[in-house]
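Colleague: Read off the chains here:
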Amino acid sequence: MSEPARAAEIRRILVALDASPHSLPLLKVAAELASRMEAELLGLFVEDIELLHLADSPYAREILYPSTTQTPLSRATMELKLRTLSEIARKALAAAASRAQVQWSFRTVRGEILPAVLAAAGEADLLAISEAGGPLGRQRRVASAALELAAGAAPVLVIPARGIAPGARVAVYFDGSPGSRLGLLVSARMAAATQDGITVLLGAADAESAAARKEEAARLLEGENLKTRYRVLKPEDTTALVRTLRAERPGLFILGGLEPRKKQQWAELLLRDTTMALLLLDNSEQSPPESE
Amino acid sequence: MAQMKPLPPDALYQRCESHKFAFHTTADLEDLTEFVGQARASEAIQFGVGIRRHGFNLYLLGPSGMGKYATVRAFLEKTAAAEPASEDWCYVNNFAKPENPRVLKLPPGSGVLLREDVHRLVDNLRSAIRSAFESESYSARKHVIEQEIKERQDKAFEDIQQEADQKDIAVLRTPTGLALAPMRNGKVLSPEQFENLPESEHQHIQDAIAELQEKLHAALRQAPRIEQEGRERIRQLSNEVASFAVGHLIDELRKKYGGLPEVVSFLDDLQSDIIENVDEFLTPAEHPLAALMGISAPFAAKGAAFSRRYQVNVLVDHSSNHGAPVVYEDHPTYSNLVGQVEYMSHLGAITTDFNLIRSGALHQANGGYLILDALKLLLQPFAWEALKRSLQSSQIRIESLGQMLSLITTVSIEPQPIPLNLKVVLVGERLLYYMLCSLDPEFNELFKVAADFEERMPRNAASDLLFARWIGTIARREGLLPFDRQAVGRVIEQTSRMAGDSQKVLTHRRSLADLLQEADYRARAASRPVVTEADVQQAIDAQIYRADRVRERLLEEFVRGTILLDTQGERVGQVNGLSVVDLGHFAFGHPARITARIRIGKGEVIDIEREVELSGPIHSKGVLILSSFLGAHYAPDHPLSLSASLVFEQSYGAVEGDSASSAELYALLSALAGLPVKQSLAVTGSVNQHGEVQAIGGVNEKIEGFFDLCKARGQMEGQGVLIPASNIPHLMLRQDVVEAARNGTFRIYAVRTIDEGIEILTGVPAGQRDASGKFPEGSVNGRVEARLVDLAEKRLAAGRNAEPENQT
Chain A
0 MSEPARAAEI
10 RRILVALDAS
20 PHSLPLLKVA
30 AELASRMEAE
40 LLGLFVEDIE
50 LLHLADSPYA
60 REILYPSTTQ
70 TPLSRATMEL
80 KLRTLSEIAR
90 KALAAAASRA
100 QVQWSFRTVR
110 GEILPAVLAA
120 AGEADLLAIS
130 EAGGPLGRQR
140 RVASAALELA
150 AGAAPVLVIP
160 ARGIAPGARV
170 AVYFDGSPGS
180 RLGLLVSARM
190 AAATQDGITV
200 LLGAADAESA
210 AARKEEAARL
220 LEGENLKTRY
230 RVLKPEDTTA
240 LVRTLRAERP
250 GLFILGGLEP
260 RKKQQWAELL
270 LRDTTMALLL
280 LDNSEQSPPE
290 SE
Chain B
0 MAQMKPLPPD
10 ALYQRCESHK
20 FAFHTTADLE
30 DLTEFVGQAR
40 ASEAIQFGVG
50 IRRHGFNLYL
60 LGPSGMGKYA
70 TVRAFLEKTA
80 AAEPASEDWC
90 YVNNFAKPEN
100 PRVLKLPPGS
110 GVLLREDVHR
120 LVDNLRSAIR
130 SAFESESYSA
140 RKHVIEQEIK
150 ERQDKAFEDI
160 QQEADQKDIA
170 VLRTPTGLAL
180 APMRNGKVLS
190 PEQFENLPES
200 EHQHIQDAIA
210 ELQEKLHAAL
220 RQAPRIEQEG
230 RERIRQLSNE
240 VASFAVGHLI
250 DELRKKYGGL
260 PEVVSFLDDL
270 QSDIIENVDE
280 FLTPAEHPLA
290 ALMGISAPFA
300 AKGAAFSRRY
310 QVNVLVDHSS
320 NHGAPVVYED
330 HPTYSNLVGQ
340 VEYMSHLGAI
350 TTDFNLIRSG
360 ALHQANGGYL
370 ILDALKLLLQ
380 PFAWEALKRS
390 LQSSQIRIES
400 LGQMLSLITT
410 VSIEPQPIPL
420 NLKVVLVGER
430 LLYYMLCSLD
440 PEFNELFKVA
450 ADFEERMPRN
460 AASDLLFARW
470 IGTIARREGL
480 LPFDRQAVGR
490 VIEQTSRMAG
500 DSQKVLTHRR
510 SLADLLQEAD
520 YRARAASRPV
530 VTEADVQQAI
540 DAQIYRADRV
550 RERLLEEFVR
560 GTILLDTQGE
570 RVGQVNGLSV
580 VDLGHFAFGH
590 PARITARIRI
600 GKGEVIDIER
610 EVELSGPIHS
620 KGVLILSSFL
630 GAHYAPDHPL
640 SLSASLVFEQ
650 SYGAVEGDSA
660 SSAELYALLS
670 ALAGLPVKQS
680 LAVTGSVNQH
690 GEVQAIGGVN
700 EKIEGFFDLC
710 KARGQMEGQG
720 VLIPASNIPH
730 LMLRQDVVEA
740 ARNGTFRIYA
750 VRTIDEGIEI
760 LTGVPAGQRD
770 ASGKFPEGSV
780 NGRVEARLVD
790 LAEKRLAAGR
800 NAEPENQT
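Protein chains in written order, with numbering that gives the first Met the number 0: chain A, 0 to 291; chain B, 0 to 807.
Hints were generated in silico from the structure; no laboratory data involved. Model, not experiment: these values are computed from the prediction. The beta-carbon is built from N, C-alpha and C at its ideal position, and this holds for glycine as well. None of the hints are false.
According to the in silico footprint, chain A covers these stretches of chain B (three or more CB under 8 Å from chain A):
id: 1; region: 171-183
id: 2; region: 186-200
id: 3; region: 210-217
Quick list of in silico lysine to aspartate or glutamate cross-link-like pairs, DMTMM-like style, CA-CA up to 25 Å:
id: 4; chain 1: B; residue 1: 141; chain 2: A; residue 2: 236
id: 5; chain 1: B; residue 1: 186; chain 2: A; residue 2: 78
id: 6; chain 1: B; residue 1: 104; chain 2: B; residue 2: 115
id: 7; chain 1: B; residue 1: 773; chain 2: B; residue 2: 792
id: 8; chain 1: A; residue 1: 80; chain 2: B; residue 2: 191
id: 9; chain 1: A; residue 1: 226; chain 2: B; residue 2: 122
id: 10; chain 1: B; residue 1: 141; chain 2: A; residue 2: 272
id: 11; chain 1: B; residue 1: 149; chain 2: A; residue 2: 267
id: 12; chain 1: B; residue 1: 141; chain 2: A; residue 2: 267
id: 13; chain 1: A; residue 1: 233; chain 2: B; residue 2: 135
id: 14; chain 1: A; residue 1: 233; chain 2: B; residue 2: 133
id: 15; chain 1: B; residue 1: 186; chain 2: B; residue 2: 164
id: 16; chain 1: A; residue 1: 233; chain 2: A; residue 2: 207
id: 17; chain 1: B; residue 1: 166; chain 2: A; residue 2: 55
id: 18; chain 1: B; residue 1: 186; chain 2: A; residue 2: 55
id: 19; chain 1: B; residue 1: 141; chain 2: A; residue 2: 247
id: 20; chain 1: B; residue 1: 214; chain 2: A; residue 2: 55
id: 21; chain 1: B; residue 1: 255; chain 2: B; residue 2: 316
id: 22; chain 1: B; residue 1: 186; chain 2: A; residue 2: 46
id: 23; chain 1: B; residue 1: 154; chain 2: A; residue 2: 272
id: 24; chain 1: B; residue 1: 149; chain 2: A; residue 2: 272
id: 25; chain 1: A; residue 1: 226; chain 2: B; residue 2: 133
id: 26; chain 1: A; residue 1: 261; chain 2: A; residue 2: 235
Cβ-to-Cβ under 10 Å is the rule here; a few derived chain A residues that face chain B:
id: 27; residue: 17
id: 28; residue: 48
id: 29; residue: 58
id: 30; residue: 60
id: 31; residue: 81
id: 32; residue: 84
id: 33; residue: 242
Please take these sequences and the hints and turn them into a complete structure.
Modeller: So, in C-alpha cells, the structure goes:
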C-alpha cells in the first residue's frame, strides 16, 4: 500500500474536549490515529455560554455530584471552573500528542457547544468526540449531532459514554464500497504498529460474494504482512455484528461504506452495546483506495 | 660397659613384601567399598545414619584431605538409594492471607505435575470463562439487569427532564454537577432577559426550580443505591456463570488429587478466588489498546501480576530423584541454607510474593541427608544459628535476612514453615569439633555422633593387601593406570614414611591420591602401560625436589662454613643437636651446634634461648629438667654450685620442643667432665629427670639431615646419629642412608639412657655408683661429680672469705 494516509485525506483531527473522564481515551485513540495518518491534532474546548448565563442568575444553584450538596453559583466561580477544565484539557492533549509524536494546537472558544463544535469540525478532516452519558443534560446532543454529521460525509471518531475496553486489534467493515476500501487501508495503517493484526468483517449476502470480498480485501492488504482474520457478516444482521465484535474485542472499529442512515443506526447500536472506539469514514467516491 | 652397636640396616627401613602379593597389578583387585583403616569412624557413621532420633546428627572430624567427605557421601548415597524418595514441596498463594504463603506436601514428582495442571487449568479457565461470559445467555441476562437499572435511573431523570422541559427549565451539566436555569425557546435566558420578565414569572420560575432541585437532589441520592444494586446483581450473575464455567474443570483436578486433602483444599480456595476475581479473566493478560498506544508497561505488569497469584511455586522437585536426597552445600550461607524470599521492583516499589520464595539446602535435603563443611558454615554470618534453630524446631522457617536485620522495610511475606526431617553431617577439623563441644552447649545436643577419622592404620600383611585394593580403587576412580605390585609396595612404604612410623601407614587420601596421580603421570610420560616402582620413586623424588629449596640452601651454608658445625674431631662442651624445619607440605632436618659453658654459681642452668625469649615453653621445660637431673644425679648431698649456660649456636629463630634436651645434657656433662665429644655424631632425644632418653618426632628427617651434611662434605667415615631407642619403630629412612648404614659409613645408635649416649659420644665409660655411693674415678659420671664437688667447695670457700666483708 503506497499512500494510505493520502488516500484517507485525514490531515487534521479535531478533538472536542470537555476534560471529562471520557476525554482521555478519546485523546489516546485520536493521537494514535493522528500518528498513523501523519495528521495534526486540533484540540477544542468550548466554554458553554449557557453555563455562564446560568451563573449570572441571582438564584443559580448547583447540585454537586456525587455529594448532591447544593451550592450557590457565581459567574466568577463558573469562569474559574471552565478555565481550569480548559487547562486540564490542554495538558491532556499536549501529553497525548507528545507520546504519539504528532503536531497539535489547542484553542478555547466561548459559545454554545453544538454550534461551536460543528463550526470547528468544518475546518478539520475528522471530528473526534466522546458520547456524553446519562439521560440528563443538553450536552448529549453534541454526540448525536456528530453521528448525524458522520451519516453525511464528515468522518467522525467517537467513543461510547461507558468508555472503551482494552483491545489492540483493529476491526474494519468491508463491503467493497469506496468507503470500506478506504477503511481497509486505514485499518492496515493502524495495525501496522502492533502484532495483533486486523479483523475484516466481510459484508456479503452469500458465500460467493463473501469469497469475492475476501479476495479483494486480501489483494488490498497484500504486502502488509498483517495477521488478518476474516469474518463474514450479512449486512442486515446487526445481532451478528455485535456478537462478532464482542468476540473479536477490537480496540477500534472502522466503519466505511454503508448508506448514511444505516451507518448512523449501526453506530448508535455499537455505541450502546459495545465498548470500542468507532471511526466512521466518508463513503464518497472521491477517495482513491487502490493500492500499488 | 660393653661397646654399643649401631642399629642393623634392617631396623632402619621396613620393606613391603610386595613379592608376596597374589596380584600382578591393581587391575586384578576388586574395588574397596569399606573405609580403609577407619573402623571407629565407620561404626560411628553407620550408627549415626541408622539411628532416627532427634539430635543424632554427625560430625566427621579429622584432618583435611582424609577423604571424609567422599567417604561419607559414598556411604550416604548407598544408604539413601535404598530409602524412599522424599516429598516435593510447593508454595501456593494463601488467598485469605497472602502474607503467609501456604505450603503443600506432595508425593515425589507430583509438584511439577501440580504446577503444570494448575497452569493448564488457569489457561483453560481463561477461555472457558470468556466463552461463558461471551455467551448469548450471559449477555442477555446481564443486558436485562443493566437495562432495568438504567431504565430505573433514566426514568427518574427523564421524569425530571420532562417536567423541566414542560416548565421551560433547562437542566445543565456544570463542570462539577448539575444546575437548573430558566429557558425560552430552548435557550437559557440571559440575566437581562430574565430581569425583563414580570415579577410573578420570577416567582413562578424560582418555585419551579426549587421543586425540580429537590427532585433532582433526591434522584441523585438514589442513583448510587440503584447502581450498587445493579452491580450486586451483575456480580451474582457473574459468580453463577463463573462457577459453572470453572467448576467442572477444577473438579477434574479435585478428582486427580483426591488423596491429597491439602491440595483439594487449595483447589477449593482457588475456585473461590477465581470466581471473586472473574473480571480479571475477561481482561487480556496484556492491555492491547495500551500496546497500540505504546504505553503497555503498567497494564502488562498488572496482568502479569494477577496471573502470578494462581501459580504453583515448586520449591523442591524430586521428580528425577530415586531414593532419599543426599545434598552437599558448598557455600552454606544463611540464604543457601534456609532459603530466601526474593524481591522484585514493580513500578518503582519493591514487592514480593510466594513465587519469589527460593529453596535452601535444608529444603533440598529434607527427608535425606545434608553434608556441610563445618568451617565454611561457621564462617557464614547467621548460618550456624539458622541451622541449629531449624534442627531444634524440626522445621524450616524462611525469614528474610534483610527483614531480620531491619535492612529492608518493604512489605514482606512469612511463608508457612516446612516440617524438617533430615540428617546433617558436618565435616571438619578436630580442633573445631573440640571448640564447639566446649563453647556451644547446643552443639552437643544436636550433633551427638562424632566420627573420628584415623590418620594412620597398622601395617601388616593383611592391611597391605587392603591398602593395595584402596590404591586400585583410587586408580580406577581417578582414571589412572594400574599399579604393579612393586609399585604398590613402594607406595605403601612411602605412606609409612609419611606416617613417620614403620609399623603404620598413612590413611590420608589426598596425599595418597596426589602420589598416585604423579606416578601415573611419570608412567604415561614413559609410555608404560602400568605404573611401576620406578615411576613411584620418580614421583617421590620429584615431590621432594620441588619442595626442598630451603633445605638445599641451608645445607650449602653448612658446607661453605657459613654455619659452623663440625662433623669430625672432638670438642669439649659442644654437641651436634638435630632439629626439624616443617614447611607444611615438606619437612627436613638439619644439625645445630649446641654448646655449654660452666663456671661457679648458684646452681642455675641458663638457657640463652630462653633468656632472649627465643625458646618455646616445651624447650624451656626440657632445660629445667636438666637442672633437676644434674642436682639429683650428681649433687644429692651438697649444693649444686655451678652456673651453666647453654646455647644453640647461630640460631636466630624460635626454638621449640624438647628433642634437643639430651644433646644439651651431653654438652653440659662434657663441659663438667672436661671430656671431648665426638663431632662425627649428632644427637636427638628428650630426657627425663632420671636420665632416660625419650622418643622425639621427625626422627627420619633429623637423621637424613645430618647424613646429607656428612655426605656433602665427603665425610662418611663412621659418622652417625644417636636416637632414642623408643624411636626405632619410627625409622623409615631413605635408601642411601640405609645403604650407608649397611656398609658402615654411617651409623645409627639407639640409646635408652644418658649414660649410654655419653659413652658413645666420649668413648669413656659413664660409670655407675659403687657400694659406697661413689662413681668410678675417671668415668664420665665420676668426673662430673668431682667437678661439681669442687665447684661447691670453691663456692663455700668464696662465701667464707666474703663473710667478714659482709659483716663490716
